[in-house]
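Trainee: Given chain L, put chain Y in place with the hints provided.
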Amino acid sequence: MQKFSAFELFKQGLNGQAGWKPQWRSPEPKAAYDAVIIGGGGHGLGAAYYLAKQHGMRNIAVLEKGWLGGGNTGRNTTIIRSNYLFDESAGLYDHSVKLWEGLSQELNYNVMFSQRGVMMLAHTVHDVQVFKRHVHANRANGVDNEWLSPEEAKAYCPPLNISDNMRYPVLGAALQRRGGTARHDAVAWGYARAADDLGVDIIENCEVTGIRRNGAGAVEAVETTKGLIRTPKIGVSAAGHTSVVLGMAGVRLPLESYPLQALVSEPIKPVFPCVVMSNTIHAYISQSDKGELVIGAGTDIYTSYTQRGGLHISQHTLEAICELFPAFRRMRMLRNWGGIVDVTPDRSPIVAKTPVPGLYVNCGWGTGGFKATPGAAHTLAWTIAKDEPHPINAPFTIERFRDGHLIDEAAAAAVAH
Amino acid sequence: MLLITCPYCGPRPELEFVHGGEAHIARPTQPEALNDEAWTEYLYMRANPKGLHAERWRHLHGCARFFNALRDTTTDQFVVTYKTGEARPDLKGPAA
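Residue numbers (numbering that gives the first Met the number 0), protein chains in the order written: chain L, 0 to 416; chain Y, 0 to 95.
Only chain Y is shown next, with the shape it has when bound in the complex:
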């Protein structure tokens, strides 16, 4: 089981968390202006990288807050976690 560092609560076991999918996918500010391709991109298309992945997590059985993490999908190592709203840290991961 992984140890995940919640930016609000500190390191906690993986069982307390749920995965929230790819991070930094902002809801369109003008949904009515989007064409079909842009909607598809927003709703369905995902980077699914082999290497560093910016993703949302939620500390469900703790503070219940969302936060973001950079995790290496080739090792499952959490490189860094950061609060929602902060920019993605400019890191080059081991496999990125």
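Okay, chain L solo, but in the shape it has when bound:
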């Protein structure tokens, strides 16, 4: 692997930057692997990287039906935070934030992780009570979170409208300073490059069409558009398509897939220093390093696989943005798109073994999977390698729905799903 460094950049500059090689190979699939990951987004590529790096499994492959990071990895608003209410969630999401903090160094790839702070606005007395409860719960779990008055919130984010002539005036905010954003593509590419360097085969344009099980019920192969691939272990990180993929192995899941839309404005000079989220009036916003305002909100109302969503949903989001940040009223939006998110009844993910031996699943991240990319990948890899969960993802089973041990972040998450 060509290491990226200032010296290497200078050296390549002497040759007109013509000496850079492709960052990963494009191999044809082998007949068999020790493990196969389905889904070439950040979660799947990361799992392959940690399998190879920490568990010594080098004879593995990542199968991606489209291109790397073309699903939800490339369709989210890149917000990273760990201010979740329950102990189990705080453990999993803060595990991710800690991995984010060292990820660029670990991968020798600048994922542009920027801890610019995530500020969640309270607009009602109920919001204030809930967020203060979050602040206390987070601190008890070692997760930073602090309460700000409207004036302090305005000082942290100057474009914010804290006047009292709004329909839902800002009554305060919860700020997680360690939260922020990262460059979504770079996460997929960085993991892909590092995994490839460890011998992982990354196979794009290879859709899984079936999962074969042996007489004992365990997985033995995946059928793909590039032929049959034998493997005793399959990890599925297929986001919105998880129900479809696990259906091939006869596994039913408590998932429903919804479109989640996002949009970006035309690029402008730096005006927006942090991430702002509002649950009550339904919007979140940050500014990318390219200058675009990145805007999102809740899911569409019906299940779908279309990767589009209704225009009136985006309009509702933009109305909220214009109310909170009147300065943006005359801005033009450049692009909008949808990703398909798999939502569980308790809005917490599933990173676990399945009833089928050799089949592992990482799904149910709903609207908040990007922030968890390193943690999900790390714990999925652990679960695949050891055939048992890491203590951090142990509570996030499928069986919790049977046993009543829900991790009910539905009301606790920042944005209504």
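Just so you know, these hints were derived from the structure itself, not from any lab.
Treat each hint with caution, since some may be false.
[What the hints assert, rightly or not] Here are the simulated BS3-like cross-link-like pairs (lysine-lysine), alpha carbons at most 27 Å apart as the crow flies: (1) 49(Y) / 225(L); (2) 352(L) / 82(Y); (3) 225(L) / 153(L).
[Claimed, not checked] Here are some chain Y residues pointing at chain L (derived, C-beta under 8 Å): (4) 0; (5) 13; (6) 18; (7) 31; (8) 35; (9) 36; (10) 52; (11) 58; (12) 74.
[Said to hold, decoys possible] Incomplete in silico selection of chain Y near chain L, CB under 10 Å: (13) 1; (14) 20; (15) 21; (16) 38; (17) 54.
Beta carbons: idealized from backbone N, C-alpha and C, even for Gly.
Mentor: Just chain Y, lined up with the frame of chain L:
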């Protein structure tokens, strides 16, 4: 915005409706007889198909009644809507 045909009121804009999740999930007639697996199946497990989906809708800002629809989740096209209590129409959708 989609145009949705309420079986009682006719075609109306999507904004008048709310989505009610997967259809034809009947409440168990003998809840006390169910084991944990059957409860899980009833409460949480969903088909989530890529293709034809039988689902409940409610014409909230109209007649306020529930009805069912077959919709193709790959295109969002409503293939047919029908009244609650009627059987799922035997159709093979474009992607089913």
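Trainee: Given residue 20(Y) as an interface hint, is the shortest Cβ-Cβ distance to chain L below 10 Å?
Mentor: holds (7 Å)
Trainee: Verify the interface restraint on residue 58(Y): the C-beta must sit less than 8 Å from at least one C-beta of chain L.
Mentor: This interface hint is violated because 14 Å lies over the 8 Å limit.
Trainee: Can the hint on residue 13(Y) be confirmed by a CB-to-CB distance to chain L that is less than 8 Å?
Mentor: It holds, given that the least Cβ distance between residue 13(Y) and chain L is near 7 Å, below 8 Å.
Trainee: Taking 27 Å as the top limit, are the C-alpha atoms of residue 352(L) and residue 82(Y) close enough?
Mentor: Status violated; Cα separation ~40 Å.
Trainee: Is the interface hint satisfied for residue 21(Y)? The criterion is a beta-carbon contact with chain L at less than 10 Å.
Mentor: Since chain L brings a Cβ to about 8 Å from residue 21(Y), closer than 10 Å, the hint holds.
Trainee: Does residue 74(Y) hold up as a contact with chain L if the rule is Cβ-Cβ below 8 Å?
Mentor: holds (7 Å)
Trainee: Starting from residue 225(L), check that the Cα of residue 153(L) is at most 27 Å away, please.
Mentor: Judged against 27 Å, a Cα distance of about 55 Å means the pair is violated.
Trainee: For the hint on residue 18(Y), does the least C-beta distance to chain L fall short of 8 Å?
Mentor: It holds, given that the least Cβ distance between residue 18(Y) and chain L is near 4 Å, below 8 Å.
Trainee: Against chain L, run the beta carbon of residue 0(Y) and see if the smallest gap drops under 8 Å.
Mentor: holds (5 Å)
Trainee: Given a cut of 8 Å on the nearest C-beta pair, is the interface hint for residue 35(Y) held or broken against chain L?
Mentor: Hint holds; residue 35(Y) Cβ to chain L Cβ min 5 Å, cut 8 Å.
Trainee: With a cut-off of 27 Å on the C-alpha distance, tell me whether residue 49(Y) and residue 225(L) pass.
Mentor: holds (22 Å)
Trainee: Given residue 52(Y) as an interface hint, is its Cβ closer than 8 Å to any Cβ of chain L?
Mentor: Holds. Min distance 7 Å.
The structure shown violates the earlier hints numbered 2, 3, 7 and 11.
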